[in-house]
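A.B. asks: Top to bottom, those sequences are chains A and B.
Going by the numbering used here, the first sequence opens with residue 1, and the numbers climb by one from there.
Going by the numbering used here, the second sequence opens with residue 1, and the numbers climb by one from there.
Don't read these hints as lab results, they were simulated from the structure.
Just to be clear, a hint being listed does not mean it is correct.
Computed, partial: chain B to chain A, Cβ under 7 Å [stated by the list, open to error]:
1) 15
2) 85
3) 89
4) 271
Glycine included, every Cβ here is placed at the ideal spot set by N, Cα and C.
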Amino acid sequence: MADQVTTPAVTDTPAFGDADRGPRLIEPGLIVRGLTKAYGRHCVLNALDLSISAATLAAVVGSNGAGKSTLLGCIAGALRHEGSIRFGGSPLRAIPGQMSYLPQRIRLPGGATVDEVLALFRTLAGPAPDRASAPDGFVPAGQRRIAELSGGQAQRVALAGALFGAPRLVLLDEPHANLDDPAKDSLRDMLAAHRDAGATILVASPAAFDLLANADLVVRVEAGQVVYHGPAPAFLASLPVTIWVDLESSGSAADIAGIGLVTRTRIAGRWAALECREQDVSMVLDNLVDRGIGIDRIRVAGPGGGDLSAPPPDNTREALP
Amino acid sequence: MTTLAVFRARTLLRGKATIAATLVFCFTTGLVALVGLGSFRQVGLGSVGPAAAALVNLALLLPTAQGVLLGAMMLTADRESGFGTMLRARGVSPAALVWTAWLAVALSSWLSLGAGFGLAAIVVAGNVPVGDLPVFVALLGVSAAAAAAAAAIGVLVGALVTTRLQAALAGVATWFALAVGFDLAVIGLGAFLRLGEIAIIAAIVADPFTAARVSALLLLDTEAGILGPTGAYLLDRLGHGGAVAALLAVVVGWTLVPLALATAAVRRRDG
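Work out the full structure: start from the sequences and follow the hints.
C.D. replies: This is the structure:
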């Protein structure tokens with residue numbers, strides 16, 4: 001993977017869609033310097049540096065425990081830390097209407113109704129009109145108690161509350177959790193509206209693929225450091241593709257042994273998962289077909305379909321020649 | 001801050017905990033009033049009869065327990081659920097988080113007190129002299145002040161612990177120490193160590209529930225005979241009105257200081 005360490009400050013990687021214009025002078029957005037956070041002796045963020053310009057939607061990705069949530073928590077002011085966090089040229093402070101934060105696994109008060117929660121966050125968002133309204137049906141009926149809602153419905157209410165008003169900095173920690181596809185689409189549209197209006201948006205997720213179609217920038221955090229900071233298409237291209245092979249008809253894993261260009265293999269039930277670089281997919285497929293494995297037994301998951309311990313995800317496609 | 005206070009109060013007041021606590025307090029005060037009807041008929045509320053003493057003790061035990069426990073749970077629930085950090089990022093200050101939590105919990109306790117005293121008033125109506133009504137209202141006020149202090153102490157506990165389980169355990173322990181333990185310790189140690197005046201002052205100043213109980217008994221019995229040396233000491237040094245005012249100042253102090261400490265704790269800790 002062609003990782004690159006973050007580059008600071010004044011120039012930044014162009015936003016997605018601006019690739020032809022080259023590096024540009026950016027409006028000061030979020031600048032994090034030397035961010036360090038430890039829980040006891042365990043250092044979660046280790047002198048992390050990060051720069052994200054205004055009007056940017058950044059996907060913060062990384063494995064479990066990499067420090068994504070801690071990073072967002074520190075920026076949101078929820079966690080005490082060392083180092084500086086500046087936004088718009090000044091030290092970041094929680095000013096009403098300026099910042100919104102959706103923590104991971106948020107649980108809204110169960111006794112409140114949907115309308116009451118939304119009214120609270122509408123008031124806290126300040127007098128600015130909403131940049132992006134949740135579409136009809138995004139939030140459940142207003143009189144329902146939060147305790148009566150499913151996890152996905154409660155998450156929608158929290159998201160609608162977090163995206164009220166015109167915040168300049170939006171921090172969402174795993175906002176896609178429990179959301180169905182229409183809700184994810186709505187969220188994508190709302191985030192695009194905020195980004196287009198100039199907001200700096202950080203969205204953390206271990207499964208980056210919920211985000212990357214819409215992200216301008218990818219920030220990959222591992223072991224408390226930024227290990228990649230660059231445009232989303234380049235990040236996508238660097239990720240492996242998973243090829244799933246149905247073993248059931250042959251009943252043996254011998255068919256897939258020793259295939260060149262495969263970087264990782266795992267058997268999950270009747271499925272074998274082969275991981276390879278995107279540019280090697282066609283050669284691996286040819287190799288499989290040459291070994292007598294019918295194309296109807298092969299499915300391809302796009303970059304990030306790589307949970308090799310589980311059966312193929314629903315978003316796989318048939319490996320048509 | 002007003003919006004958040006209304007939101008918290010509305011959510012808490014219709015919660016199961018508040019409803020259950022209110023029903024329990026109503027039932028017990030109604031029962032005490034009914035059982036003590038004879039006592040109320042004989043001595044009214046102008047002096048300390050068994051029924052009046054039971055009413056005072058109930059009012060200083062159950063709603064204070066409600067205040068400490070709900071107060072302790074509220075901030076920890078905010079922290080555990082992420083709701084508090086979501087609010088803080090939107091510009092809600094630590095002070096607003098703490099004070100709105102306290103107000104909601106205090107309102108919850110006051111609801112219990114109002115319902116319980118209201119039921120007791122209905123039961124004893126016609127059996128106590130109308131002239132005792134101010135004493136009855138004053139007792140309600142003292143109990144409300146004690147409940148407010150209990151809510152503040154609970155909120156402080158919630159600001160200091162991490163989980164709701166810790167909050168529940170620490171809340172119960174704190175309430176027990178203030179409602180029963182401290183009194184017993186002062187009585188035992190005061191006599192044993194011959195602390196005299198220091199023990200009396202400590203017993204009153206260091207425990208808001210004791211201060212509230214003593215001021216309630218002073219309201220019922222202007223001679224303070226039932227308070228023994230404590231009453232004699234207070235009346236001798238401060239007079240009746242001064243003693244009640246000083247005791248209420250102690251209770252108010254036990255409300256404001258924990259809230260200030262809780263605000264500082266929330267400001268200085270993660271989450």
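A.B. asks: Each hint needs a verdict: does it hold in this structure or not?
C.D. replies: Each hint tested on the structure:
{"no.": "1", "hint": "15", "verdict": "holds (5 Å)"}
{"no.": "2", "hint": "85", "verdict": "holds (4 Å)"}
{"no.": "3", "hint": "89", "verdict": "holds (3 Å)"}
{"no.": "4", "hint": "271", "verdict": "holds (6 Å)"}
When each numbered hint is compared with the structure, no violation occurs for any of them.
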